[in-house]
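Asks: The residues making up each chain are set out below.
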Amino acid sequence: MSGYYLRLAWLSLKRTPAITLLMIGAIALGIGATTTTLTVYHRMSTNPIAHRNDVLRAVTIDNWSADRPFDEEHPDRPPTELTYRDAVAIAAGAPAARIVAMRKTSLTAEPGAGRPPFLVEARLATRDFFPMFDVPFAYGTGWDARADRDGEPVVVLSKETNGKLFGGENSVGRVLRLDGREYRVIGVLADWQPTPKFYDLNNGDYDTPEDLFLPFALGAALEMQPAGNVNCWKTETLAGIRDLFGSECIWHQLWAELRTPAEVERFQAWLDGYVAEQRKLGRFARKSNNRLYTVDEWLTRHEVVGRDSRVLLLVSFAFLAVCVLNVVGLLLSRFLGAAGASAIRRALGASRGEIFRQHLVEVGAVGALAGLGGLALGALGLRALQQLYGSYDRLTQLDLSMILAAIALAVLAGVLAGLYPAWRICRVQPAGYLKTQ
Amino acid sequence: MEIRPILSALLRNRTGALLVGLQVAITLAVIANAFFIIERRLETIRRPTGIDTPNLIFAESEGYTPDYQQAATLNDDLALLKGVPGVVAVTVTNSVPLSGGGSANGYQTTADPKAAPIGGNYFEVNADFIDAFGLRLVAGRSFRPEEFVPVPANNDLPPVVIITESMAKALFAGEPALGRRVYEQSGKSAEIIGIVADLQGSWLGNTRPGPSDIVFHPNGGLGRSWVYVVRTRPGERDRLVPEIEKLLNGSGHGRAIIWVRTHEYWLTRTFRADRRMVVFLSTLVILMTAVTALGIVGLATFHVNSRRKQIGTRRALGARRSDIVRYFLIENAMLGGAGVVVGTLLAYAGSSWLTRAFQMPPLPPGYVLASAGALLLLGQLAVLWPARRAGAIDPAVATRTI
Chain B
2 MSGYYLRLAW LSLKRTPAIT LLMIGAIALG IGATTTTLTV YHRMSTNPIA HRNDVLRAVT
62 IDNWSADRPF DEEHPDRPPT ELTYRDAVAI AAGAPAARIV AMRKTSLTAE PGAGRPPFLV
122 EARLATRDFF PMFDVPFAYG TGWDARADRD GEPVVVLSKE TNGKLFGGEN SVGRVLRLDG
182 REYRVIGVLA DWQPTPKFYD LNNGDYDTPE DLFLPFALGA ALEMQPAGNV NCWKTETLAG
242 IRDLFGSECI WHQLWAELRT PAEVERFQAW LDGYVAEQRK LGRFARKSNN RLYTVDEWLT
302 RHEVVGRDSR VLLLVSFAFL AVCVLNVVGL LLSRFLGAAG ASAIRRALGA SRGEIFRQHL
362 VEVGAVGALA GLGGLALGAL GLRALQQLYG SYDRLTQLDL SMILAAIALA VLAGVLAGLY
422 PAWRICRVQP AGYLKTQ
Chain C
741 MEIRPILSAL LRNRTGALLV GLQVAITLAV IANAFFIIER RLETIRRPTG IDTPNLIFAE
801 SEGYTPDYQQ AATLNDDLAL LKGVPGVVAV TVTNSVPLSG GGSANGYQTT ADPKAAPIGG
861 NYFEVNADFI DAFGLRLVAG RSFRPEEFVP VPANNDLPPV VIITESMAKA LFAGEPALGR
921 RVYEQSGKSA EIIGIVADLQ GSWLGNTRPG PSDIVFHPNG GLGRSWVYVV RTRPGERDRL
981 VPEIEKLLNG SGHGRAIIWV RTHEYWLTRT FRADRRMVVF LSTLVILMTA VTALGIVGLA
1041 TFHVNSRRKQ IGTRRALGAR RSDIVRYFLI ENAMLGGAGV VVGTLLAYAG SSWLTRAFQM
1101 PPLPPGYVLA SAGALLLLGQ LAVLWPARRA GAIDPAVATR TI
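Chain order of the listed sequences is B and C.
Residue numbers are given in the working numbering: position 207 of the first sequence equals residue 208, and the series is strictly consecutive.
Residue numbers are given in the working numbering: position 203 of the second sequence equals residue 943, and the series is strictly consecutive.
If we strip away everything but chain B, and leave its shape as in the complex, we get (with noise of 0.2 Å):
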């Protein structure tokens, strides 16, 4: 039976092939233009690290002015990074299962064999950086205990500088010239492109990891510049990056790994206590506001997901209910155009399920149609974004979950548009158009 509503179906379509493109391609370009802008809202709203965002979270506390907050918009926000001093104290003595505190800088990296110097990101960062972020090795290992506390001279390098230094091959051993110091590599990462950038969110939602990853304490031990964003609010006398380690200025960033509930409580009460002590040394003028963040909270705290592409997202659910409407007023002006046919089909002893049925066999196949129309058009639109976006083309590509939310739109949007033709057709009294034949 179905084969022959199928025949059917492609004589009706056949009939009016202008009409029948048209709907196919109103569908198709409704469904492209949606999946193209669900998949850069997807991709920017993604918990990078969703099996850990139970456990890690990002340590804030208010060292701000007394007389304005960090956020004047909201004002109950503490600031998002922390001081040398807080983030070192905290970071030896707060009670975790794995702590991190961590900040940027820039090197220049001598590739040597007459290539010329280049500029390279560092993070500066304790040795549970590692593991916290489950971040995964190609070749060696990160540091241990010792290389944080002596501030040995270590590199891990990310996959794309290990290319560029050592041609991808394993270089744990090798030697790197940074800043005209040597520093040895004991790791390499395999690919790593968490996205967003959720562990330090201040210089680029998008932005890639670092290039290169050394240990916390090399920062103070050789004053290393800052490199990401550093903020202050008091007046004092900066002379030079030795007096920055002793200022109020905020220009690290801390997390810790709390498995249970009990931890999280035991940590925020140490928290507590830490900014309570501070305070008898004319420290912390505001009201006590110390706030963990899980990766979920902090993401949103950042407003992640740009306006733009909520507005682009709503834009073309908009233009999908247009293509849906224009198919509906389509649809139903065909069915009932050609309704004579339904009715004689009727009087013949067909019965409403069947007229039912074989209409909605003919809108499933324009679904369908459009569904694969509009997966290709999301692909170019992707295509074409990849262009605008630049080098955040990892928010462009097209991932499985989308591909399967495509065609759930496109099923959706068939059945939407063709369920209310089809039952209308369905309901015509076939006397009446017997009568004038």
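To be clear, the hints were calculated from the coordinates, so they are not data collected in a lab.
Mixed in with the good hints there might be a few duds.
Calculated lysine to any residue pairs in the SDA-like style (CA-CA distance at most 20 Å, straight line) [unchecked claim]: (1) 165/B x 998/C; (2) 235/B x 858/C; (3) 909/C x 919/C; (4) 854/C x 234/B; (5) 822/C x 794/C; (6) 235/B x 923/C; (7) 854/C x 70/B; (8) 854/C x 236/B; (9) 281/B x 90/B; (10) 1049/C x 339/B; (11) 928/C x 852/C; (12) 235/B x 851/C; (13) 986/C x 111/B; (14) 854/C x 287/B; (15) 235/B x 856/C; (16) 235/B x 843/C; (17) 235/B x 845/C; (18) 854/C x 73/B; (19) 854/C x 69/B; (20) 854/C x 237/B; (21) 235/B x 853/C; (22) 909/C x 950/C; (23) 986/C x 113/B; (24) 909/C x 878/C; (25) 854/C x 283/B; (26) 235/B x 73/B; (27) 15/B x 1037/C.
Given chain B's structure and the hints, the job is docking chain C onto it.
Replies: The following block gives chain C in isolation, referenced to the frame of chain B:
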């Protein structure tokens, strides 16, 4: 005249009418807001930079060896760059305008540490910066070479500064600023020796400091990393980029040339999001309008086909072709009109969401009016072809099947 019969015919085919009306309504709501967003983005992209953008090259130098000589490197580089044929002027800066990275400080008009400071984007430059950026001196004078003093502390003011007209307005609210002093919260102060016409600062569209609230300090090139500003003669820029890169890289000094780029490079990067929004929204607007128009054509065609007998009868009873065409035009205008009314409400609902969620200013009525007019006109054009086909129906059709 014929509105009543058209209306009652429409009411009998409510679904079809509703569908077209809704399409027009949603399309109107989207395109009115989209045009407004596009217009604002284009305004941002096209706002003058205030500097000689087409002829500017920037180059970052970073010293990294332990025996690195800051002053010698700076002086040698400046002399080297000035000597290149095709170069008009050279200065040094800590930040590239509109690059997204720069420095800001609080400035005030009294030494009172309790005064509320005004945010100012500061550039650390040397005496040649007005020529090198291509700025216009409005009052006073530029720095003199002897005023170039190393003040290494990043919150200590040098003895003299030059500010933009916007900054002068922000600090002194219209009173003359030349010769006055600006203070830091620490109490240190500087004399304002010159005022330059506005340029856009380090960041795009920030509100505090305002986009052109800028202070120039005569202490560029301290520390170990800075940016050269090279202004070329018109047409020489692209040739000079690789030449300058080669020259600087070949001059030794134990430092790395991080990049050599035109100002256009930074503008492209900075405006990428705005440009993307313009392209994407325009595409959606065009597609949406096209789909709506084609939908109108398709539906009208069906209506014409299903009313052939009725139209033939009217023609047989004396209606002229133009009466039939007019019937469809008026029908479309009524549908479009209803859609426009609903669409206006939807447009303002959308605009109020944009205002609440993204602090967009409210939608000016002009955008709704223009979009509505355009959609109504488009509807008339779309229906014209099926309507003319209806007008061409032979009166004999009426007699055939009776």
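Asks: Compare the structure with each hint and give your call.
Replies: Hints versus structure:
1. The suggested pairing of residue 165/B with residue 998/C holds, with an alpha-carbon distance near 16 Å, which does not exceed 20 Å.
2. Pair hint residue 235/B plus residue 858/C holds up; C-alpha atoms about 15 Å apart against a cutoff of 20 Å.
3. Taken as a hint, the residue 909/C and residue 919/C pair is honoured in the structure, with Cα atoms around 14 Å apart against an allowance of 20 Å.
4. Between residue 854/C and residue 234/B the alpha-carbon distance is near 14 Å, which keeps this suggested pair within the 20 Å criterion.
5. Annotation: proposed proximity of residue 822/C to residue 794/C holds, straight-line Cα distance about 19 Å (limit 20 Å).
6. Restraint check for residue 235/B and residue 923/C: the C-alpha separation of about 15 Å stays at or below 20 Å, so the hint holds.
7. For the proposed pair residue 854/C and residue 70/B, the alpha carbon gap of about 16 Å is at most 20 Å, so the pair holds.
8. With a C-alpha separation of about 11 Å, the suggested pairing of residue 854/C with residue 236/B holds against the 20 Å cut-off.
9. As the CA atoms of residue 281/B and residue 90/B are separated by approximately 16 Å, the hinted pair is consistent with the 20 Å bound.
10. Between residue 1049/C and residue 339/B the CA atoms are separated by roughly 15 Å; this keeps the pair inside 20 Å, and the hint holds.
11. Between the alpha carbons of residue 928/C and residue 852/C the distance comes to roughly 11 Å, so the proposed pair stays at or under 20 Å and holds.
12. Only pairs whose Cα atoms come within 20 Å are accepted, and residue 235/B paired with residue 851/C is accepted, the gap being roughly 16 Å.
13. Of the pairs offered as hints, the one joining residue 986/C and residue 111/B holds, with about 18 Å between alpha carbons and a cut-off of 20 Å not exceeded.
14. Taking the CA atoms of residue 854/C and residue 287/B, the gap is about 17 Å. The hint holds against a cut of 20 Å.
15. Distance check on the hinted pair: residue 235/B and residue 856/C sit about 13 Å apart at the alpha-carbon level, within 20 Å; holds.
16. The straight-line distance between the Cα atoms of residue 235/B and residue 843/C is roughly 16 Å, inside the 20 Å bound, and the hint therefore holds.
17. About 11 Å separates the Cα atoms of residue 235/B and residue 845/C, which keeps this hinted pair within 20 Å; it holds.
18. The hinted pair formed by residue 854/C and residue 73/B meets the criterion: a straight-line CA distance of about 19 Å does not exceed 20 Å.
19. Of the pairs offered as hints, the one joining residue 854/C and residue 69/B holds, with about 12 Å between alpha carbons and a cut-off of 20 Å not exceeded.
20. Distance hint between residue 854/C and residue 237/B is fulfilled; the C-alpha atoms sit about 15 Å from each other, no more than 20 Å.
21. Taken as a hint, the residue 235/B and residue 853/C pair is honoured in the structure, with Cα atoms around 11 Å apart against an allowance of 20 Å.
22. For the suggested pair residue 909/C and residue 950/C, the alpha carbons sit about 11 Å apart, so the restraint of at most 20 Å is met.
23. Annotation: proposed proximity of residue 986/C to residue 113/B holds, straight-line Cα distance about 18 Å (limit 20 Å).
24. With a C-alpha separation of about 13 Å, the suggested pair residue 909/C and residue 878/C falls inside the 20 Å cut-off, and the hint holds.
25. The hinted pair formed by residue 854/C and residue 283/B meets the criterion: a straight-line CA distance of about 19 Å does not exceed 20 Å.
26. Annotation: proposed proximity of residue 235/B to residue 73/B holds, straight-line Cα distance about 16 Å (limit 20 Å).
27. Between residue 15/B and residue 1037/C, the direct Cα distance comes to roughly 19 Å. Compliance with the 20 Å bound is thereby established for this hinted pair.
Against the hints set out earlier in the document, no violation occurs for any number.
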